[in-house]
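Q: Sequence:
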Amino acid sequence: MAKADLHIHTVASDGHMEPEDVVRNAKRHKLDIISITDHDTIRGYQRAREKARELGIELIPGVEITSDFNGRECHLLAYCFDPDHAAIKKLVARHYHSRLERGKWIINELSKEGILIDINEVKAEANGGNIGRPHIAAVLIDKGYVASFKEAFIRYLSDESLGTIKNDYYTHHEVIDTVKEAGGAVIVAHPGNLYNKDDLTELVEAGVDGIEFIHPSHNYKTQKWVEAFANEHKLLKTGGSDFHGGDKEYQKFFGVVTINAKYVHRLQRMTKQRKKISV
Numbered sequence: 001m002a003k004a005d006l007h008i009h010t011v012a013s014d015g016h017m018e019p020e021d022v023v024r025n026a027k028r029h030k031l032d033i034i035s036i037t038d039h040d041t042i043r044g045y046q047r048a049r050e051k052a053r054e055l056g057i058e059l060i061p062g063v064e065i066t067s068d069f070n071g072r073e074c075h076l077l078a079y080c081f082d083p084d085h086a087a088i089k090k091l092v093a094r095h096y097h098s099r100l101e102r103g104k105w106i107i108n109e110l111s112k113e114g115i116l117i118d119i120n121e122v123k124a125e126a127n128g129g130n131i132g133r134p135h136i137a138a139v140l141i142d143k144g145y146v147a148s149f150k151e152a153f154i155r156y157l158s159d160e161s162l163g164t165i166k167n168d169y170y171t172h173h174e175v176i177d178t179v180k181e182a183g184g185a186v187i188v189a190h191p192g193n194l195y196n197k198d199d200l201t202e203l204v205e206a207g208v209d210g211i212e213f214i215h216p217s218h219n220y221k222t223q224k225w226v227e228a229f230a231n232e233h234k235l236l237k238t239g240g241s242d243f244h245g246g247d248k249e250y251q252k253f254f255g256v257v258t259i260n261a262k263y264v265h266r267l268q269r270m271t272k273q274r275k276k277i278s279v
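Numbering-wise (this note's numbering), the sequence shown opens with residue 1 and increments by one.
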């Protein structure tokens with residue numbers, strides 16, 4: 001039975017493994033289909049394509065897009081879009097800038113508490129990839145302000161610690177429209193502990209195509225209510241390990257938290273039809 005993992009991160013965003021090594025890892029774990037879904041960038045996907053062809057792994061276009069959903073962050077997974085579409089290129093370019101400006105804003109907020117770090121230190125930690133809070137956390141550890149990522153987020157980088165975080169992301173409506181314009185499908189990422197049914201209903205009404213029901217953060221009970229919601233609203237269902245590499249907590253899910261390839265094929269059929277209609 002073919003296995004798929006549609007939620008994987010690399011060094012292009014906040015992962016710790018090179019895109020090519022992710023593909024090799026997928027081969028070792030006998031995965032048939034994967035999607036690299038870095039935050040707000042498709043560079044990891046682009047780098048992995050040749051290695052995926054070489055090793056016989058089906059790699060579908062993917063990205064995890066940060067959107068503004070009524071003043072809060074909402075992560076939307078996009079799949080099977082045209083990676084060369086002008087609207088997608090515009091989105092990831094804007095979000096690169098938005099992440100950079102958000103990083104500067106967070107650094108300024110930390111400076112008010114006497115924590116002095118520089119945006120160039122964070123850029124170096126990101127190694128050319130999109131900047132995220134984990135990169136700021138790594139700098140905090142390196143400079144001795146905290147002892148661990150957990151402490152960094154609890155004390156300084158959580159939503160509760162920072163309050164309303166300044167950002168200039170696309171709204172969820174804009175993300176949905178952009179991905180569909182590029183022929184792709186939009187899936188709500190790891191919803192179980194983030195949204196209630198009213199939130200999800202609002203996202204469905206906004207036009208999302210599906211929901212991620214298999215995820216390491218979803219226990220059996222959560223998985224079942226998310227799956228039931230998806231079935232009730234006739235949504236696509238996806239899933240994956242949310243692999244970032246490095247940390248043992250992430251390593252243990254890779255090759256284990258997977259979905260049956262039938263869910264991928266449904267996704268591909270729907271987006272293929274969408275592309276036909278848009279021609």
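Don't read these hints as lab results, they were simulated from the structure.
Being a predicted model, the structure only gives us computed values, none of them experimental.
Watch out, some of these pointers could steer you wrong.
To be verified - Keeping only pairs whose Cα atoms sit at most 25 Å apart, straight-line, the calculated SDA-like set for lysine to any residue is:
hint : residue 1 : residue 2
1    : Lys89     : Lys143
2    : Lys275    : Asp177
3    : Lys262    : Ala147
4    : Lys150    : Pro83
5    : Lys89     : Asn108
6    : Lys104    : Arg72
7    : Lys143    : Asp159
8    : Lys275    : Lys104
9    : Lys262    : Glu58
10   : Lys104    : Lys166
Q: Decide, hint by hint, whether the structure agrees.
A: Results of checking the hints against the structure:
1. Lys89 with Lys143: 35 Å, violated
2. Lys275 with Asp177: With a Cα-Cα distance of about 14 Å, the restraint between Lys275 and Asp177 holds, given a limit of 25 Å.
3. Lys262 with Ala147: 43 Å, violated
4. Lys150 with Pro83: Not satisfied, since the Cα-Cα distance of roughly 35 Å exceeds 25 Å.
5. Lys89 with Asn108: 29 Å, violated
6. Lys104 with Arg72: With a Cα-Cα distance of about 19 Å, the restraint between Lys104 and Arg72 holds, given a limit of 25 Å.
7. Lys143 with Asp159: Answer holds: Lys143 to Asp159 is near 22 Å, not above 25 Å.
8. Lys275 with Lys104: Roughly 39 Å separates the two Cα atoms, so the pair is violated.
9. Lys262 with Glu58: 14 Å, holds
10. Lys104 with Lys166: 10 Å, holds
The earlier numbered hints that this structure contradicts are 1, 3, 4, 5, 8.
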